[in-house]
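So the chains spell out like this:
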Amino acid sequence: MEWLDAILSSSVRMGTPILLAALACLPTLWTRDINIGLEGIMIFGAFFGVAIGLVTGSVWVAITVTVVLAAIVGICFGLLVTSLKVDVFVAGIVLFVFAGGATAYLLDTIFGAKGNLADPSIPALPVITIPGLEEVTVLGGLLSGHSILTWTAVVLFIAMLVLDRTSVIAVYLKAAGSHPQALATSGVRVNRMRVLAQMWCFVLASLAGIQVSLGQLSLFTVGMTGGVGFVALAVVIFARGNVALTALISLAFGAATALTFQVDKNVVPHELTSILPYAAALVALIFISRRSRRPKLAAA
Amino acid sequence: MTTQTLERTTRVRGHGQIARVARVLIAPVAGLLVAVALIQAGGFQPVPTILVGLEYALGSIDAIARTLAWGLPLYVATLGVVVGFRTGLFTVGAEGQIYVGALVGAVSGAFIGGMLPIAHQAVSLALAALVAGALSAGLGWLAAHWNVDIVLSSLLANYILVPVCIFLANGPFNDPAAEAPGATIPILPSAEFAGLLPRTQMTWGILLVVGLATLVWWVLERSIAGYRWRMIGEAPGFAAATGVNIGRWQILAMAGSGALCGVAGAFLVLATQGRFTSEIAVGLGWIAIMLALMGRSRPLLAIVWVTVYSVMQAASRRIEQVADVPSDIALLVICTILIAAAAAPGIVQLVTDVGRKRHGMA
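Chain order of the listed sequences is A and B. Heads up: the first sequence begins at 1 in the working numbering, then just goes up one per residue. Heads up: the second sequence begins at 1001 in the working numbering, then just goes up one per residue.
Because the hints were derived from the structure by calculation, they are not lab data.
With the Cβ distance kept under 7 Å, some of the chain A side facing chain B (calculated, not the full set):
#, residue
1, L84
2, K85
3, F98
4, G101
5, Y105
6, D108
7, F230
8, E271
9, L272
10, Y278
11, L285
12, S289
13, R290
Quick list of the computed label-pair ranges, beta carbon to beta carbon:
#, chain 1, residue 1, chain 2, residue 2, range
14, A, H270, B, V1210, 37 to 43 Å
15, A, A244, B, F1238, 39 to 45 Å
16, B, F1238, A, A6, 56 to 62 Å
17, B, R1248, A, V188, 42 to 48 Å
18, B, L1033, A, H270, 38 to 44 Å
19, B, G1059, A, N266, 50 to 56 Å
20, A, N266, B, R1248, 42 to 48 Å
21, A, R290, B, A1134, 16 to 22 Å
22, B, E1279, A, P126, 33 to 39 Å
Using N, Cα and C, we set each Cβ at its ideal position, and we do this for glycine too.
Excised from the complex, chain A in its bound form:
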């Protein structure tokens, strides 16, 4: 049963950045400023995780500084799309393109590296091994040996589930998207809610990026996030704002990605297996769209 453990373990590992990025995107869907630059934030997160980790030697400092930076930039991005009325679709595309160019630039000027940065002194994310559970089939692969960010994602998921059911914040965020005037009349600042959603988005998506760069190999290459952010975007659209569904679909896409690693590269080349998650997302999108009339992503 070792292969099953391997698949489950790798599904959880691959599903973690998707789940983090999808949870990041969810509140921006609620406020109807869906951030399609998710991938760009992940690229930045992946880069700064590695860069700060390499400079300071501490994974904790790397995570903390990256998250703080993400929060600040998130607020700026939020102000850009609220106070300065920049179209969120335009801002998202620029964010994505900018992230690719800026990380390549920083990589070159700070580390003198073209395209990738690998160094044995880049710290890896701590792994939580649950004693006694490692040897148990299925449960071992599912629960043991994952990075702290996997567990962070689980905690954040539960927190969002609870907040969604019980707190007024979730109501405010959703109202900021669907009934902004009603929310304003009730004395809540609509723009503040929209900025909050973007800040949340940046923080979680940067964690997703750190998981990609420090979660497994502890290196950075340009384009290493490889569209995970866009898969997460698809996940959020499919889940239509539902927290539990978001997590479930994220894990399904994690499993789809994990399966592609199980295929022998000599039988089917990597280029073909790598499209599986995207093809699955596209097919799912087509079927879901056909059955319902959803609001469009870019209504502008």
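Go by the hints and put chain B onto chain A.
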């Protein structure tokens, strides 16, 4: 009218003019500031360095030809994106369509032979336009009839089409002798565009680009088709009420958009690269999208911005050589300009609002 109110209105009018000038200037100034800051950060004098870059980009006829030659495929791709945006279809699939066009161009250029050069080139370009256009039209059909979100579907299509193209270039069409990864067999001499100026990569292909640009401008700005596309983009309800078959015109726009991106990809192969490689057009589609946004989906303005970007690109290559500042700087500056341009009205509004409050005119 009392003197006081007259004074107030003139002051407001003065504000209006300053505001108008500021709105136009914010973006270029922001771009310039970023360029200066990045070069300064590299430890070089910004102004002389930028001038050296511009000299390389625009200093002589050869330099201008070289700069333009680099930009030619980008003109075509950007106009392709403009066609989609004009119709209100925010397609971001340019990257994948350029790759498909490049592969089809490379394969038809290498494997179909025994034709006059002009016929061979025409067949290669037409096939590239056909395949990329059909793929794009498929997404358009899904959007028009099944309400599939065009942003997401075209985004995901990129991540399917590019790997498939690279797989095909590594597999059936691969040239094992080539050094570059994922390279196909070089195209036949009959498929290559004839050179126009030696040492500049400028080919007679420029006539094709000028022709296509004129055609796209005429279709978008002067023809009935362009009017319908604009109507669907700006007022779909009105278009539907006047009896325009929205679905059909949306599919047509997507087909045209994809076909132009496909031609851009094939152009890269036939004019400069001579074969498909896995890195042939990394990021080009995204730049085309940004420039189409800069051009506010208007063909002429988009053409201006492609020219500006081509100059910036050439200058940044030279700056990388002389000043050890990575050429990614061109991309960073254009991103800044786009965001600043998008934010400019908001910034001006904010400043004038604050100013009015201070003058007690809120």
